[in-house]
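Chains A and B, in that order, are what the protein sequence lines are.
Here our numbering is used: the first residue of the first sequence is 6, the next is one more, and so on.
Here our numbering is used: the first residue of the second sequence is 4, the next is one more, and so on.
The reader is advised that the hints may include incorrect statements.
[Stated by the list, open to error] To be clear about the criterion: a stretch of chain B counts as covered by chain A if any three or more of its residues have a C-beta under 8 Å from a C-beta of chain A, and this derived list gives those stretches:
1. 141 to 148
2. 264 to 273
[To be verified] Among chain A residues calculated to face chain B with C-beta under 7 Å, some are:
3. Glu168
4. Ala169
5. Ala172
6. Ala175
Hints in this document: simulated from the structure, not taken from any laboratory.
Note that beta-carbon positions come from the ideal geometry of N, C-alpha and C, so glycine has one too.
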Amino acid sequence: MSEARIPAPLLALAGAGLLLFILPLAGLMLRAPWDQVGGALLAPETGTALGLSLFCSLTATAVALALGIPLALVLARTTGTLRSVLRALTTLPMVLPPVVGGVALLLAFGRRGLIGAPLHDAFGIQVPFTTAAAVIAETFVAMPFLVIAVEGGLRALDRRYEEAARALGASGWKVFLRVTLPLLRPAIFSGAVLCWARALGEFGATITFAGNLPGRTQTVPLAVYIALETRPQAAIVLSLILLAVSLAILIGLRDRWLGV
Amino acid sequence: MSLHADIAVRRNGFTLDLKLDVDPGETVAILGPNGAGKTTLLRALAGLVPLHGRVELDGDVLDDSATGRHVPTERRRVGLVFQDHVLFPHMSVLQNVAFGLKADATRSAREWLERAGLGEKADAMPRELSGGQAQRVALIRTLATRPRLLLLDEPLSALDVTIRAEVRRDLSRQLAGFEGVRILVTHDPLEAIALADRLVILEQGTVVQTGTPSGVTAQPRSRFVADLAGVNLLRGHAHHDHIELDGGAVIAAPDSGEGDVFAVIHPRAVALYLSRPEGTPRNVWRAKAEDLDLQGERVRVRLTGEVPLVAEVTPSAVRELRLDRGAEVWAAVKATEISVYRA
Chain A
6 MSEARIPAPL
16 LALAGAGLLL
26 FILPLAGLML
36 RAPWDQVGGA
46 LLAPETGTAL
56 GLSLFCSLTA
66 TAVALALGIP
76 LALVLARTTG
86 TLRSVLRALT
96 TLPMVLPPVV
106 GGVALLLAFG
116 RRGLIGAPLH
126 DAFGIQVPFT
136 TAAAVIAETF
146 VAMPFLVIAV
156 EGGLRALDRR
166 YEEAARALGA
176 SGWKVFLRVT
186 LPLLRPAIFS
196 GAVLCWARAL
206 GEFGATITFA
216 GNLPGRTQTV
226 PLAVYIALET
236 RPQAAIVLSL
246 ILLAVSLAIL
256 IGLRDRWLGV
Chain B
4 MSLHADIAVR
14 RNGFTLDLKL
24 DVDPGETVAI
34 LGPNGAGKTT
44 LLRALAGLVP
54 LHGRVELDGD
64 VLDDSATGRH
74 VPTERRRVGL
84 VFQDHVLFPH
94 MSVLQNVAFG
104 LKADATRSAR
114 EWLERAGLGE
124 KADAMPRELS
134 GGQAQRVALI
144 RTLATRPRLL
154 LLDEPLSALD
164 VTIRAEVRRD
174 LSRQLAGFEG
184 VRILVTHDPL
194 EAIALADRLV
204 ILEQGTVVQT
214 GTPSGVTAQP
224 RSRFVADLAG
234 VNLLRGHAHH
244 DHIELDGGAV
254 IAAPDSGEGD
264 VFAVIHPRAV
274 ALYLSRPEGT
284 PRNVWRAKAE
294 DLDLQGERVR
304 VRLTGEVPLV
314 AEVTPSAVRE
324 LRLDRGAEVW
334 AAVKATEISV
344 YRA
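Using the sequences and the hints given, assemble the complete structure.
What follows is the structure, encoded as structure tokens:
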């Protein structure tokens, strides 16, 4: 390698950091009851949890895209105190313990919550402990990752592209759809991947706000946690499956991620 | 089609304040040093920055702070061409040109490209074009929308010197066939003289001089224009046959009148001697050569002393005078070589 040499202490620290990632993975792989993997894979509970996990995380990502891109636009184009306030609000779920997020969601959408009460009284709609609640919880926790990435992309964007488009007679909508959005593609893409990954692993807010109902709200992380109490072997198998799915998707997306 | 603008733009401590009228079919070049407000002026006319005052184009009021009227950029029908092309990188050349067109966009865009000799580049992506081609496509993209006001922001300055002349010819041809008002911002005097009917010199946010290219360079009214024209500009108070310069020196110049004046001395009219010359010249000063610069077949010598001047001499004169940085010389200028006009 022709690159500048990295000082030995830094190399040692980097190695320690890497070990922190590798050791748990190794533990998972070495202790996995490989003879039971086939059976666990075919078990209906596994399929249900995995399907629910994928459905909820992908729906949450879609909702985050629909709401997060406009939010990032507002964030990137405001200045001063308003911007600081908005930014703090949108990034709060990143630093908030997910369980606290779940409690907050209950207080908002619960049957006696801020919005939940009128919703229940008027339409009989009950949000908590439904699949929708799992999606809301995952969106709540994961959307900031998308907003931050897209906002960064917007700030790095040369505003003259949009000015040129306007001078060519394009309305605000046309500028957004045909110029801003395509130019933001790399930022949106990496933001969406981060957001999805966060949603897939979501546990705390989901179990608090959506509960742990197999087939409705029990995603793979919840199933792993429950299984750990009673059937540790099954928990390891489920963990492996989640790991494999995440890796497969990350590797599948890698070319587009790096290629843009 | 004509433009009447009387505007003030205030941006972080900087104020642009000017009145600009452009007649139908006229190309005006806005010339000025960096930070003079040239780009701000174009952006204001394009409706991209808020302004005080009034902008009227072709009888339509685009801006009037008195009535609060502001026509947004996309409905002004102004064409904006940037320093570097700003073609949309995710669209083909054809899609770029078609972007601003309404009916029959693709066919019309193809025709525009073919007329400009860029037909075979229609399906190329902007990154596959050379700098010159990209800038020509950017110009076509703007002209195709048939703007009433064309704003060109240093359209050639990002290009290599080698292809600049070619793109300038193309630009000149395209401008000739364009009916709207044309405003070109530049800091390249050659570009301004080649393309413009009238120069407007902008310095520190205001117009300091305006006129035909030859008129402006013949009677510079600022250091910037004097440097453009490559002449020495002195300022002082005239007393009929002599001028007292602001620095205190006195130069002899017949028929100068009375009052504040500018005096222009062409560098070639400055003669250099090793010892004090005898005879006719009445303007003789001690000077020190600060800097020598070979330009073509002449050497420009920057002199400091009582009267700071630039002299232009031949390389053989440099050898004869043993001229070097720091050399002490005598500078002489014939009174008849000094052109004097009111400040």
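Supplied contact hint for alanine 175(A), tested at 7 Å Cβ to chain B:
Result: holds, 6 Å to nearest chain B Cβ.
Given alanine 172(A) was flagged as interface, is its beta-carbon under 7 Å from a beta-carbon of chain B?
Result: holds, 4 Å to nearest chain B Cβ.
A closest beta-carbon separation below 7 Å is what the hint needs, so does glutamate 168(A) meet it against chain B?
Nearest chain B Cβ about 6 Å off; hint holds.
Within the assertion that chain A covers the stretch 141 to 148 of chain B, do at least three residues meet a Cβ-to-Cβ distance smaller than 8 Å?
Since three or more residues must qualify, the claim that chain A covers the stretch 141 to 148 of chain B holds, with 3 doing so at under 8 Å.
Annotated coverage of the stretch 264 to 273 of chain B by chain A, confirmed only when three residues or more have a Cβ within 8 Å:
n = 0 at 8 Å, threshold three: violated.
Using the nearest Cβ pair, does alanine 169(A) come within less than 7 Å of chain B?
holds (5 Å)
Hint 2 alone, counting from the list given before, is not met by this structure.
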